[in-house]
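Colleague: Line order of the protein sequences matches chains H and V. Every letter in the first sequence is one number past the one before it in the numbering used here, and letter 26, counting from 1, is 26. Here the numbering used here = 1-based position in the second sequence + 1000.
FYI, nobody ran anything at the bench for these hints, they're computed from the structure. All C-beta atoms, glycine included, are put in the ideal place defined by N, C-alpha and C. Hints should not be assumed to be uniformly reliable.
Stated by the list, open to error - Capping the alpha-carbon separation at 30 Å, the derived lysine-lysine pairs in DSSO-like fashion look like this: (1) H/95 x H/334; (2) H/27 x V/1027; (3) H/18 x V/1008; (4) H/10 x V/1060; (5) H/44 x V/1060; (6) H/22 x V/1027; (7) V/1027 x H/10; (8) H/334 x H/290; (9) H/283 x H/309; (10) V/1066 x H/44; (11) H/132 x H/22; (12) H/210 x H/95; (13) H/291 x H/27; (14) V/1008 x H/132; (15) V/1060 x H/133; (16) H/107 x H/132; (17) H/132 x H/358; (18) H/133 x H/27; (19) V/1008 x H/240.
Stated by the list, open to error - Computed far set for chain V versus chain H, every beta-carbon distance over 12 Å: (20) 1013; (21) 1027; (22) 1037; (23) 1038; (24) 1042; (25) 1046; (26) 1051; (27) 1061.
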Amino acid sequence: MQTMTNEEVKRAADFFTKEIAKLADGKSLRLMEVCGTHTVAIFKAGIRQLLPENIELVSGPGCPVCVTPNEYLDTAIAYSRKSDVIITTFGDMLKVPGSSSSLAIEKAQGADIRIVYSSLEALEIAENHPDKKVIFLAVGFETTAPTAAAAILMADEAKLTNFYVLSAHKLVPPALRALLTAGDSHVDGFLLPGHVSAIIGLEPYEFLSKEYNIPAVIAGFEPLDILQSVYILLQQIRYKAAKLENQYSRIVPERGNLAACNVLSQVYQEADAVWRGIGEIPKSGLVIRKKYQAFDARLNIPIVVEETKEAKGCQCGNVLRGLLLPTDCLLFGKACRPEHPIGSCMVSVEGTCAAWYKYGAGRWQV
Amino acid sequence: MCLAVPGKILDRQDMLATIEVGGVTRKVSVMLLPEVQVGDFVLIHAGFAVQVIDEEEAEKTLALFKELEQYADHDK
Ligand code: SF4
């Protein structure tokens, strides 16, 4: 594949930033990047510094670890304390604080918690440990959920009886609807998550322009992808033509990935779900269908979970809704740091607070 | 966590494919992308190929960026 030289990228970026400034014409605008991977990409490329002062990029509820509520972590922690259980999880979950502990603390105290890169590794661990109950912590949006669903189908075919999934999967479009319905995020346009869209396609976002008249663009992750996407949003805003556009057409076909969607809906069905800091959002989560409930940890392994406590002073919920910046939180960079996170937004590399902490040297500090 | 990386399919046996990602080979499942073929570029996430990279669209995006890059030049 052909590529561009640094000089060419710089000049194209220059074109976009000039045009963006012209289109914005001094108006104050708030654009929300929904996805945590975008948050990190925006920081790494220094996009905020390139954009005119009046265009603000705010992060949304698009980091799956961040939006996972305490109750889920407390449940996973309680399971990890059982001697016949092996917890398998993506690495990001380890340090997320629950009400009174974290998986990392439990692991240090001897719990069998293993980091996996994929649900398939969790399956393998189950196959190799028939005497243990292996629980996979299934966290993630539409990109990740089909991979957990595929593992369940494979476990079913292999007739595994010691593989379980603790699902906290979440769906992006219902969360956007919840933000817009609440109305306090004041977003003028959305940069939509490219890899979620690679699975679900365009249709699930149509309501953004049709019902809420809000500009939206499915965006890639390279610096020029992001700049072009902002440019597209600015054109829509300027000409008052809110619609859904797809900047990331090399990865996102209009209809998404049908095979993945089929696997997903074979195993999971939509259900109301609680998002950290936002509360319950209708039909925004996934639960395992009856047919595969033998793999549902909650239904098969009884557990007593401690009462949920929220971290005092943590503003994660407001950060996830784009109401506050991490730097507005009194604990940011002081009591709360990546090596000692108080809220989930400081944990995952894609968490808004963690990204601001790691890369946050820019205009807002000058 | 939703990080996904591009790779090229080198070999495929049933639902398991060998993929090259940045010079390293890995095994990934193609259960979520059953129609892929050897030689395809795909997007990989959490051990699964999740989407085919449309090379034609990729070229179009690149061509557009290159075109704009020239405009920026004339601007100066
Ligand atoms: S800085 Fe820490 S305590 Fe403050 S909102 Fe972010 S995660 Fe919560």
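Colleague: Hint numbers the structure violates, sorted upward?
Modeller: The structure breaks hints 2, 3, 6, 7, 8, 11, 12, 13, 14, 15, 17, 18, 19, 21, 24, 25, 26, 27; every other hint is satisfied.
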